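K.L.:
Top line first, the protein sequences correspond to chains A and B.
Position 70, counted from 1, in the first sequence is what the numbering used here calls 70; the numbers after and before it change by one each time, with no gaps.
Take any residue in the second sequence, count from 1 to its spot, add 170: that is its number in the numbering used here.
Bear in mind the hints are in silico, worked out from the structure with no lab data behind them.
Keep in mind that this is a model prediction, so the values were computed, not measured.
Heads up, the beta-carbon is just placed ideally off N, CA and C, and yes, glycines get one too.
There's no promise every hint is true.
Stated by the list, open to error - Output of the computed footprint for chain B on chain A, the stretches with three or more beta carbons under 8 Å from beta carbons of chain B: (1) 16 to 27; (2) 31 to 37; (3) 40 to 47.
Single-letter residue listing:
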Amino acid sequence: MLLQSSLASPAIGTVFWTTLIFLILLFLLWKFAWGPIMKAVTAREDMIHNALDSAEKAREEMKVLQADNEIILRKAREERDKILRDARVAYERMMTEAKEKSQSESDALVRRAKELIEREKVTAITEVKREVARLAIEVASKVVAETLKSDAEQQKLIERYINEIEANRN
Amino acid sequence: MTISLKTRYLYVLLLILGLMAGTVPALSSGSGEEDKKSHGNDDEFDASSFIMEHVADSHEWHILTKKDSSEVAVYLPVIIYDKASGLHIFSSRLLAHGHSHLGYAIAHEGSYAGKIVRVDKEGHHDGTKPPLDFSITKAIFGMFVAALILLWLMIAMARSYKKTGISAPRGLQGFFEPIILFVRDDIAIPNIGEHKYSKYMPYLLTVFFFILVNNLLGLVPVFPFGANVTGNVNVTFVLALFTFLITQISGNRSHWRHVFAAPGVPVWLLPIMIPIEVIGLFSKPFALMIRLFANITAGHIIVLSLVSLIFIFKSVAVAPVSIFFVLFMYCIELLVAFLQAYVFTLLSALFIGMATAEAEHH
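Take these sequences, add in the hints, and give me the full structure.
P.N.:
In structure tokens form, the structure reads like this:
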């Protein structure tokens with residue numbers, strides 16, 4: 001029954017019109033609908049894709065930048081530490097140097113003073129000796145004035161003795 | 171070939187569903203014959219002819235019959251080409267109620283029932299071959315309406331892309347874009363492949379939406395919708411023919427080698443294999459044609475049968491039950507409308523993909 005009825009019977013007109021309508025529809029939709037729609041959809045997909053890509057890239061860059069910052073910060077910290085350490089070293093060295101210098105200066109001063117004192121002492125002693133000698137001579141000359149013909153000879157003799165004594169002492 | 175496991179399961183499932191649905195018209199046609207046997211007097215409601223009248227194509231669009239048995243109908247143009255007398259265009263009103271015009275009438279019985287045939291003076295078919303009938307029938311009119319709606323929707327959508335530029339989809343775009351992307355991402359790309367699919371997208375999209383819109387409009391029972399377009403075997407024949415032609419034209423060397431010298435098949439088997447493969451070329455689109463036609467027609471027949479129950483039992487009490495089942499069927503038909511559009515497009519893409527696949531190295 002189904003095959004006898006017009007349900008399943010071939011109809012050239014239907015085939016003709018369907019072909020015509022479908023081809024026209026295909027052409028019009030292709031040109032005016034699918035083309036623009038697919039283009040717009042693809043463009044949007046590309047845009048979203050690019051946006052995601054660039055976001056990812058920015059994040060990567062941020063990470064790199066952060067790492068850079070970290071490095072710079074660490075370097076700065078190291079620099080600071082080094083400067084501080086250097087400063088302490090320099091300070092200590094300077095302190096030591098200053099101490100040494102002052103020590104040596106004071107030592108030198110003391111030594112010079114001692115030397116001066118020694119020299120003064122020697123001079124004084126010499127002076128005293130000379131004075132004593134002169135006094136002794138004076139006394140002695142007075143005592144032995146008669147026994148000695150000239151003063152100069154006497155004086156020369158006395159000085160030679162004194163010098164001998166001096167030389168012996170040294 | 172790149173068919174995911176999911177697609178393959180889906181294909182098998184749909185095949186089973188399709189086969190199940192395909193058995194329905196056979197059942198309902200069986201009950202129709204019983205009806206025919208039992209009908210004796212004219213008062214008896216003839217469910218079979220009632221259903222056929224609604225499902226089959228016709229030259230007039232019957233809307234309702236008034237109580238005084240006058241009819242409200244839209245008479246569509248008849249266009250016939252006769253080798254002897256040339257082209258004739260006239261309204262089908264002139265052929266209504268068995269009238270004849272210019273020696274043509276609609277045959278009511280015999281092998282040309284429902285077709286325009288040449289008649290003799292008494293109004294009987296003169297036995298000659300019928301003229302070529304290019305009339306705008308119900309199905310063709312419905313198809314025109316569907317095509318215009320589809321064009322309007324899609325061009326409006328394409329326009330809105332141009333207007334808004336690249337932005338989030340909304341309105342028409344929000345509804346159709348996921349479907350278009352579904353056709354692209356789940357039908358075209360997995361079956362045809364990333365590199366070749368774009369060439370076939372316009373065809374796949376057109377065939378998908380053409381079937382979908384016609385399926386859906388076929389469910390709307392008001393003029394100018396409700397014509398049984400995708401349940402017309404001539405329409406599905408043309409659609410399957412397009413898939414067949416596209417498949418064969420884009421078939422590459424390995425496709426033809428598979429048909430005429432299947433790799434790995436011993437030479438003595440080729441005389442058997444080649445006819446089988448050649449039949450296979452045609453049976454695939456043939457299955458496409460029958461599947462769509464049978465599913466849609468079956469759905470319409472079931473709905474109409476359920477409505478007929480009211481008149482067969484001649485009882486208003488049956489109406490609530492009938493209406494409940496009709497509503498239930500409508501829900502299934504809504505699903506089937508999408509499903510069959512999907513299946514047709516999926517299988518078309520699959521056949522094209524198979525024909526264009528690069529040779530596998532064994």
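K.L.:
Each of the hints needs a verdict: does it hold here or not?
P.N.:
Against the structure, the hints:
1. 16 to 27: holds (count 9)
2. 31 to 37: Contact hint for the region 31 to 37 of chain A vs chain B: holds, 6 residues under 8 Å.
3. 40 to 47: holds (count 5)
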